[in-house]
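Undergrad: As you go down the protein sequences, you meet chains A and D in turn.
The numbers in numbering that gives the first Met the number 0 rise by one with no breaks, and the one at position 504 of the first sequence is 503.
The numbers in numbering that gives the first Met the number 0 rise by one with no breaks, and the one at position 224 of the second sequence is 223.
Read the hints as simulated data drawn from the structure, not as lab findings.
The C-beta atom is built at its ideal place from N, Cα and C for all residues, glycine as well.
Some clues are possibly wrong.
[Claimed, not checked] If you want the ones that stay clear, here's a sample from chain D, every Cβ over 12 angstroms from chain A, calculated: (1) R94; (2) T182; (3) V224; (4) I260; (5) V265.
[Claimed, not checked] A short, non-exhaustive set of chain A residues, derived as facing chain D with CB atoms under 8 angstroms: (6) N266; (7) Y270; (8) L274; (9) V330; (10) H333; (11) K352; (12) A367; (13) N381; (14) P399.
Now for the letters of each chain:
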Amino acid sequence: MEPPILEMRQITKEFPGVRALDNVTFSVKRGEIHCLVGENGAGKSTLMKVLSGVYPYGSYSGEILIDGQPQRFFGIADSERVGIGIIYQELALVPELTVYENIFLGHEISRNGVIDWNETIRRANEMLRKVRLDVNPAAKIRDLGVGKQQLVEIAKALSREVKLLILDEPTAALNENDSENLLNLLRELRDHGVTCILISHKLKEVLAVADTVTVLRDGKTVCTLDGHSGEVSEQALIRNMVGREITNIYPPRNHQISDEVMLELRNWTVYAPELGRYLLRDVNLQVRKGEIVGLAGLMGAGRTELALSLFGNAPGYRLSGELWLKGRKRVFRHPREAIAAGLAYVSEDRKAKGLVLIQDVRQNITLANLQALAKNGVIDRNAEIQVAEGYRKSLNIKTPTIEQQVVNLSGGNQQKVCLGKWLFVRPDVLILDEPTRGIDVGAKYEIYQLMNRLVEEGMSIIMISSELPEVLGMSDRIYVVSGGRMKGELPVAAATQEKIMELAVDY
Amino acid sequence: MTTRAAFVANLQRALGQNIRQYGMFIALFVIMIIFSITTNGIFISSRNLSNLINQTGYIAVLGVGMTLVIVIRHIDLSVGFLAGFLGAVAAIALRFWDLPTIVVVPMVLVLGGLAGLLTAFPVAELKIPSFVASLAGWLIYRGALQLVTAGTGTIIIEDETFNAIGNGFIPDVPLSIVPGYHTLTLFLGVLAIVAFVISEIRSRNKKLAYNFEVLPTDMFVLKLVFISALIGLLAWIMAGYNGLSWTMVIVLVVVAIYHFITTQTVLGRHIYAVGGNPEAAELSGISVKRMTYIVFASMGVLSALSGILFASRLRSATTTAGTLFELDAIAAAYIGGVSAAGGVGNVIGSIIGALVYVSLTSGMNLMGIDIAYQYIVRGLVLVAAVVFDVTTRRRGRAG
Ligand SMILES: Nc1ncnc2c1ncn2[C@@H]1O[C@H](COP(=O)(O)OP(=O)(O)OP(=O)(O)O)[C@@H](O)[C@H]1O
Ligand SMILES: [Mg+2]
Numbered sequence: 000m001e002p003p004i005l006e007m008r009q010i011t012k013e014f015p016g017v018r019a020l021d022n023v024t025f026s027v028k029r030g031e032i033h034c035l036v037g038e039n040g041a042g043k044s045t046l047m048k049v050l051s052g053v054y055p056y057g058s059y060s061g062e063i064l065i066d067g068q069p070q071r072f073f074g075i076a077d078s079e080r081v082g083i084g085i086i087y088q089e090l091a092l093v094p095e096l097t098v099y100e101n102i103f104l105g106h107e108i109s110r111n112g113v114i115d116w117n118e119t120i121r122r123a124n125e126m127l128r129k130v131r132l133d134v135n136p137a138a139k140i141r142d143l144g145v146g147k148q149q150l151v152e153i154a155k156a157l158s159r160e161v162k163l164l165i166l167d168e169p170t171a172a173l174n175e176n177d178s179e180n181l182l183n184l185l186r187e188l189r190d191h192g193v194t195c196i197l198i199s200h201k202l203k204e205v206l207a208v209a210d211t212v213t214v215l216r217d218g219k220t221v222c223t224l225d226g227h228s229g230e231v232s233e234q235a236l237i238r239n240m241v242g243r244e245i246t247n248i249y250p251p252r253n254h255q256i257s258d259e260v261m262l263e264l265r266n267w268t269v270y271a272p273e274l275g276r277y278l279l280r281d282v283n284l285q286v287r288k289g290e291i292v293g294l295a296g297l298m299g300a301g302r303t304e305l306a307l308s309l310f311g312n313a314p315g316y317r318l319s320g321e322l323w324l325k326g327r328k329r330v331f332r333h334p335r336e337a338i339a340a341g342l343a344y345v346s347e348d349r350k351a352k353g354l355v356l357i358q359d360v361r362q363n364i365t366l367a368n369l370q371a372l373a374k375n376g377v378i379d380r381n382a383e384i385q386v387a388e389g390y391r392k393s394l395n396i397k398t399p400t401i402e403q404q405v406v407n408l409s410g411g412n413q414q415k416v417c418l419g420k421w422l423f424v425r426p427d428v429l430i431l432d433e434p435t436r437g438i439d440v441g442a443k444y445e446i447y448q449l450m451n452r453l454v455e456e457g458m459s460i461i462m463i464s465s466e467l468p469e470v471l472g473m474s475d476r477i478y479v480v481s482g483g484r485m486k487g488e489l490p491v492a493a494a495t496q497e498k499i500m501e502l503a504v505d506y
Numbered sequence: 000m001t002t003r004a005a006f007v008a009n010l011q012r013a014l015g016q017n018i019r020q021y022g023m024f025i026a027l028f029v030i031m032i033i034f035s036i037t038t039n040g041i042f043i044s045s046r047n048l049s050n051l052i053n054q055t056g057y058i059a060v061l062g063v064g065m066t067l068v069i070v071i072r073h074i075d076l077s078v079g080f081l082a083g084f085l086g087a088v089a090a091i092a093l094r095f096w097d098l099p100t101i102v103v104v105p106m107v108l109v110l111g112g113l114a115g116l117l118t119a120f121p122v123a124e125l126k127i128p129s130f131v132a133s134l135a136g137w138l139i140y141r142g143a144l145q146l147v148t149a150g151t152g153t154i155i156i157e158d159e160t161f162n163a164i165g166n167g168f169i170p171d172v173p174l175s176i177v178p179g180y181h182t183l184t185l186f187l188g189v190l191a192i193v194a195f196v197i198s199e200i201r202s203r204n205k206k207l208a209y210n211f212e213v214l215p216t217d218m219f220v221l222k223l224v225f226i227s228a229l230i231g232l233l234a235w236i237m238a239g240y241n242g243l244s245w246t247m248v249i250v251l252v253v254v255a256i257y258h259f260i261t262t263q264t265v266l267g268r269h270i271y272a273v274g275g276n277p278e279a280a281e282l283s284g285i286s287v288k289r290m291t292y293i294v295f296a297s298m299g300v301l302s303a304l305s306g307i308l309f310a311s312r313l314r315s316a317t318t319t320a321g322t323l324f325e326l327d328a329i330a331a332a333y334i335g336g337v338s339a340a341g342g343v344g345n346v347i348g349s350i351i352g353a354l355v356y357v358s359l360t361s362g363m364n365l366m367g368i369d370i371a372y373q374y375i376v377r378g379l380v381l382v383a384a385v386v387f388d389v390t391t392r393r394r395g396r397a398g
């Protein structure tokens, strides 16, 4: 019998205070799509970093075999040489360079050190065709949407002739269409002999594409399931990931919305002189006390701009229209003023805009509300530790201590730190921008429960989400944004995925 | 047996976790021992060390300010000639305008603060790189220094109060406990130790009351003994030669203030957050602009202080005062562990960095080493310090 393309045996990897991988065994057959699932912090990304040489040979224990041959990778270059390509949780493209420059970055087509641009562009076009991406190869990366960037990443990997392609949560930031495209592409690649490892928290997706599924929990392999034998179901995956049953993904709550309007936008318009166009036009929106309002729409519809502009972060933009908060007309020139007035905004991009990665969990959680812990500008360190410990427990943040730098936390736990930071501000209106991106089912459920508790206590929540089931499952009322305009408002009882999509694609 | 094993394990853990912090102290210590041997003990004499610390003063205060500038991902090249220029302004005010020191010093400090705000303006408002904005300042203040000293050349300062800032020592009490030693300095040393021990024990007890993690008892005692010994030693050495100088007092006050601000206050946390991730800081309600103004203004004030210390030490303002101070300050900050990527660095480190830097100069001068070799050695030490810093940091992260 031919050996599996990849075998990882008894892999153990420790960080100070954490055993991220504990005797993990992982085996991938040639030409399959193998999904790797597990809770936040289960060790998925770490396992893939061991495989790709990010954590070099010697920093872990155990064995890696490719095609039955033992391997020692001391860096990514070594794993690339045997045909492993990895696309990380956070994209690694250079925004200021063009598509073709990015595709061949690090292995430029050159003779005697001089780049052959004609050949580069020809090959780039070939790669783009393979991933079915229709863009000008001379376009700059920063001008492409996330979905397209993701495809460029794959083109980049393909140009290196990968045999084994690893994707770490590639669809976390994609909308349904782009995700669907990507999954189709993976199937196609598989049929052309490329083996794929896919990490994802979207179980529906896993069910749709997986030939095999491996579940990790707390750094250990729980089981490996065959995707075609009927033993894989959403319930089975959840049970193995979380160790218990979760039957109702969206926990029920007592709807008790008052008539009191907390926040209202009237003809809210945002013009960006640099781009020469309107980001938002005549947006009207109301949020009542104790209500969860969902903002649905496609990526780039203007929902994040809406949130940022009302939060006082609109550098260089021209705003018009009115913002009413708790019955008073307000103008926020800086997020500081918005926060003081009772707003909080949890960014969709936790690494770039949410966290100070080199600081620890404690410092991040208290950052937006240090005044509350200070007397005459001097921070009460002990009170601060108590606050941070409190959120660590209540949000179940997986970290050895609150003194851990957040850069060392897994993606989902970083998200929880962001949430904790903004809860500590004790806002009246909480804006959540893609709150469950990259979060596992168990933690999602916890966050939904938390949202329910907050609104029951009288907070109002604006939830921006590109996941329609989430919007439908959690909102009291749904607004649909498209092309910078408010396309419609639906009470949740009347909303369906189809109705929302109809409005969302209507420009 | 088991207690000793536990002790060693505790020690290894404590050192391992803080290798970066202790590394600088150890480096300074090693350098001092080497020079003490090569100069037959002259280096370690009270008189030499006292001089050395006084010479460190004007670089040390710049280093402290520069640390914060680098922490928020900027640089300020103008500080050297700004210090020189403001030193000359002080000299002119004393000599030609006949103003008293008590007026001149605050006036010059305010001017420094204004100059800092001026440098910050294009950086904060127009997002001009601070390298460029402060390079312009470098040129402008250099020209300004030459202008104000053009007619007179070196301006001699005759005001003895002013000159005492860089050359004087604190008075002694008329009471001799150890003959030949400065009694008040010894007394202050003891006071500092007592204050240190009490505050450490208090903070530990408070942490214990909250059930927080603290150093194991043996390590805690060791730390107390070690730092107390260090303070004691320093006081003893200084008491052996005229006692504490006014320069030292000023530097200690500056360091104390900045250490307090950076570690204990909201302002300090905001500065480090801006350095660590400006966008996240902005969205957390921290004004990046405001922090930029504050940090550059503080740099300006400290430049003025540096200029005062230097002019006072030389009892004059010269046409070239301040030349290359900015690079010495930057070197001190980097030796002290600041990171150009932003958000990392502390003022104590920079002071140690400045001491390392000046010790090298002083020690090599005593040994009669050619100035050419001195530059090379200083360059090597700078690289070694940064390499040490970067590698230990990486180890701390990747485990
Ligand atoms: N560099 C590091 N230093 C210390 N601990 C780390 C480091 N990297 C990861 N960890 C820890 O190892 C564990 C596994 O992390 P990993 O990133 O592999 O999780 P994951 O399964 O990918 O989770 P997610 O779904 O949230 O991305 C976590 O507890 C994390 O805190
Ligand atoms: Mg991960």
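Undergrad: For the restraint on A367 of chain A, tell me whether the closest CB of chain D is nearer than 8 angstroms.
TA: Hint holds; A367 of chain A Cβ to chain D Cβ min 4 angstroms, cut 8 angstroms.
Undergrad: Confirm or reject the statement that V265 of chain D sits farther than 12 angstroms, beta carbon to beta carbon, from all of chain A.
TA: Label violated. Min Cβ-Cβ 4 angstroms, cutoff 12 angstroms.
Undergrad: Find the nearest Cβ of chain A to the Cβ of I260 of chain D and say whether that gap is larger than 12 angstroms.
TA: Given that some Cβ of chain A is not farther than 12 angstroms from that of I260 of chain D, nearest at about 9 angstroms, it is violated.
Undergrad: Take a quick look at T182 of chain D and tell me if its Cβ sits farther than 12 angstroms from every Cβ on chain A, holds or violated.
TA: holds, 34 angstroms
Undergrad: Holds or violated: N266 of chain A as interface residue toward chain D, Cβ cutoff 8 angstroms?
TA: Given a least distance of 25 angstroms, the restraint on N266 of chain A is violated.
Undergrad: Against chain D, run the beta carbon of Y270 of chain A and see if the smallest gap drops under 8 angstroms.
TA: At about 21 angstroms, which exceeds the 8 angstroms cut-off, the nearest Cβ of chain D leaves the hint on Y270 of chain A violated.
Undergrad: So, P399 of chain A near chain D? Judge it on the closest CB pair being under 8 angstroms.
TA: With a closest approach of 11 angstroms, the P399 of chain A hint is violated.
Undergrad: Hint validation: H333 of chain A versus chain D, beta carbon distance must be below 8 angstroms. Holds or violated?
TA: Holds - the Cβ of H333 of chain A comes within 8 angstroms of chain D, reaching about 6 angstroms at its closest.
Undergrad: Just to be careful: measuring from the Cβ of N381 of chain A to every Cβ in chain D, is the smallest value less than 8 angstroms?
TA: Constraint on N381 of chain A satisfied, holds at 5 angstroms.
Undergrad: A closest beta-carbon separation below 8 angstroms is what the hint needs, so does V330 of chain A meet it against chain D?
TA: Violated - the Cβ of V330 of chain A stays beyond 8 angstroms from chain D, reaching only about 16 angstroms at its closest.
Undergrad: Let's test the interface hint: is any C-beta of chain D closer than 8 angstroms to that of L274 of chain A?
TA: Violated, because the Cβ-Cβ distance from L274 of chain A to chain D comes to roughly 18 angstroms (cut-off 8 angstroms).
Undergrad: Check the non-interface label on V224 of chain D: least C-beta distance to chain A beyond 12 angstroms or not.
TA: holds, 24 angstroms
Of the numbered hints listed earlier, those contradicted by the structure are 4, 5, 6, 7, 8, 9 and 14.
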